[in-house]
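Same order as they appear, the protein sequences are chains F and H. Residue 1 is where the first sequence starts when you use the working numbering, and the numbers rise one by one after that. Residue 1 is where the second sequence starts when you use the working numbering, and the numbers rise one by one after that.
Because the hints were derived from the structure by calculation, they are not lab data. Hints should not be assumed to be uniformly reliable.
Taking lysine-lysine and the DSBU-like style, the derived pairs with C-alpha atoms no more than 35 Å apart in a straight line are [claimed, not checked]:
{"no.": "1", "chain 1": "F", "residue 1": "K382", "chain 2": "F", "residue 2": "K324"}
{"no.": "2", "chain 1": "H", "residue 1": "K157", "chain 2": "F", "residue 2": "K310"}
{"no.": "3", "chain 1": "F", "residue 1": "K77", "chain 2": "H", "residue 2": "K324"}
Note that this is a predicted model, so its numbers are computed, not measured.
There are 2 protein chains.
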Amino acid sequence: MALTYVSSKDLKARGRALEILRSKFGEIAKQILEGRTPIMVIKKRTLANTIFDREKGILRIGDESLRRSFLNAGEAKKFMQTVLMASIIYDTLVNNEYPTIRDLYYRGKHTIRYRKLPSKKVVEENTWDEQKESDSVIRDIEVFIDMLREELLILSKEKGKVVGNMRIRSGDDMIDLSKMGHGAYAIEPTPDFIEFVDIDAEYVLVIEKDAVFQQLHRAGFWKKYKVILVTSAGQPDRATRRFVRRLNEELGLPIYVLTDADPYGWYIYSVFKVGSITLSYESERLATPKSKFLGVSMVDIFGSKKLGKKPYLTEAERKNFIIKAKDKDIKRAKELMNYSWFRTKRWEHEIEIFLSKKAKLEIEALTSKGLRFLMDKYIPEKIETGDWID
Amino acid sequence: MALTYVSSKDLKARGRALEILRSKFGEIAKQILEGRTPIMVIKKRTLANTIFDREKGILRIGDESLRRSFLNAGEAKKFMQTVLMASIIYDTLVNNEYPTIRDLYYRGKHTIRYRKLPSKKVVEENTWDEQKESDSVIRDIEVFIDMLREELLILSKEKGKVVGNMRIRSGDDMIDLSKMGHGAYAIEPTPDFIEFVDIDAEYVLVIEKDAVFQQLHRAGFWKKYKVILVTSAGQPDRATRRFVRRLNEELGLPIYVLTDADPYGWYIYSVFKVGSITLSYESERLATPKSKFLGVSMVDIFGSKKLGKKPYLTEAERKNFIIKAKDKDIKRAKELMNYSWFRTKRWEHEIEIFLSKKAKLEIEALTSKGLRFLMDKYIPEKIETGDWID
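So here's chain F without its partners, still in its complex pose (with noise of 0.2 Å):
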């Protein structure tokens, strides 16, 4: 790969990433040369080995281990396909590629051929069959190695957006992301690359919808009010949460989170928040645990007398605006109860009107009453008044 066309900044990452991948197998291959057997120690990826660690305020990975080893028949495939992506991705470093975790399932597919024992018959198998399993390696990589992917130049799928005073450094091209007109700045798989340059900003907000975003950008909305507008358009990836991370700590603003009112918003702020269940791993880089649910709360709906606190709809809108709740809904809000970071008591308060009035809105609704509702009335005053939940 011509090396002209690519930036400095990857070329480094690269020559970093080669080194620890070295030191990390080169152990391996020593324990081979040495006549030992060569034996992997990785951190589970179990969901009994995640910890909701409470100082912190993140969903991580605990400290049981398990041990891999080349000549243990049970754990022998795994060793392999561990040590044929590695070696897959070395290759791609090497390259100055940029394979996804796609790719890397494709390349390192094939079939291996050899005689089993006792018999000596000749046999198949493939060295992966399904994405999934070649997933699960890279994470084990990831782990194994404690670098996230995007270290090692794997790429992906991108879908957060940014707009505000800010310029950013990325790849060799600085970037003002108060000059993209009525288009916004697609963030990069890699921002852990981004260098802040400066920022004129007060807060960070985060919305769930594209179009609501597209909304309030183009109204001006964060030029009116200093504020760095980023969209994660549904479910957030990796990138996004990584660049909302570092926007709240390394620049120290605070991060306000705007989704629909329903259990799938609450969600995708609690991934921005602590981390994704399943992954805890990752979280240590790429949750936020200051980030605060700003709305819509059932609260802003409903009102709640026990907080002393009218709604923002009338009755009439509740009528025109309100959606059933689906089954699916009332299950996933109950499940958020078990979660110990939902375990407070606004929250609780919280999914106990959901629950109650089995009742869900969307962001639109609010648009609905006019975008200057949105933007001068609701968003402002519940951050000026701190009318927010953590």
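Go by the hints and put chain H onto chain F.
Structure of chain H alone, referenced to chain F:
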């Protein structure tokens, strides 16, 4: 809405949209003032009134019209829905808002109480119950006033991205699409407002998959081969289609579409080329009849004795990369065979190979042969030798 924060382009567009709405719906008001029965004449958006215009190479709406009279019991509700929606859109234009079609649904949704003759019993009826009703009304208005909703400042979520040697003006900003770092420019929902400033490119490559777009972008493909790189991130939205059309029509750039080798990929190409079957009224503005299908073709996978072409894949690669077609893929392929724009010798050959092999392939299978293969052999070679399907 404070006007200091919105672009001058939007303000101008609002003026024009208001004028057209006033003129078209003013005629209806005039009918009423003159004591005549108000009637709207709107072209039918039925499948039967959808024509494949061979000369233009696009699907378009035919000449059949429907009359919608206010004083006809069967037409009155639709008539009132149309006028209601037009008045809501009018208000959003006056108030400098940027509604989405979901917004408009909520804004118009309410219950009307009236006395039903002859019994004079009070009955309740909703303006509309589901969004598909209000969406249909919006489409009627687009056809009636011969404007796309984007010109009425109705926004939508947007997935399309672009990078390349090109500068555009969007809103009041100048944007250099060659200076997006590792990220990309997310195309605005109203691409007609974009001004093309200057460009240095030989063709446009439209890629179905965002992840493959990321890879080629990152490896500098568009720099090396002077390409405008666009991704639709799956089924293309209206803005991406309109943007691509403008690149072809106004700048004369050839458009090559790269999708997975399966009926779903073919249909994505078809939407770019001739338009969407159910929304033919859009095609005159959104379709790009000169688009070429670059690949991945069945001939690329299996070769073709008939065409004297060797495959790009070896037997071993086919074994590892090919995915077995599902029943719904087969069904889809047979449907496509009925569309007149797929009834060419080359397409028939393509679909025949698919139906006989019952095999599909993802673009990622090619990148797994090395990104260099996709970037420096497959794409440039096919373009140089004219190895595409029209």
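Cross-check of the supplied hints:
{"no.": "1", "hint": "F/K382 to F/K324", "result": "holds (25 Å)"}
{"no.": "2", "hint": "H/K157 to F/K310", "result": "holds (32 Å)"}
{"no.": "3", "hint": "F/K77 to H/K324", "result": "holds (26 Å)"}
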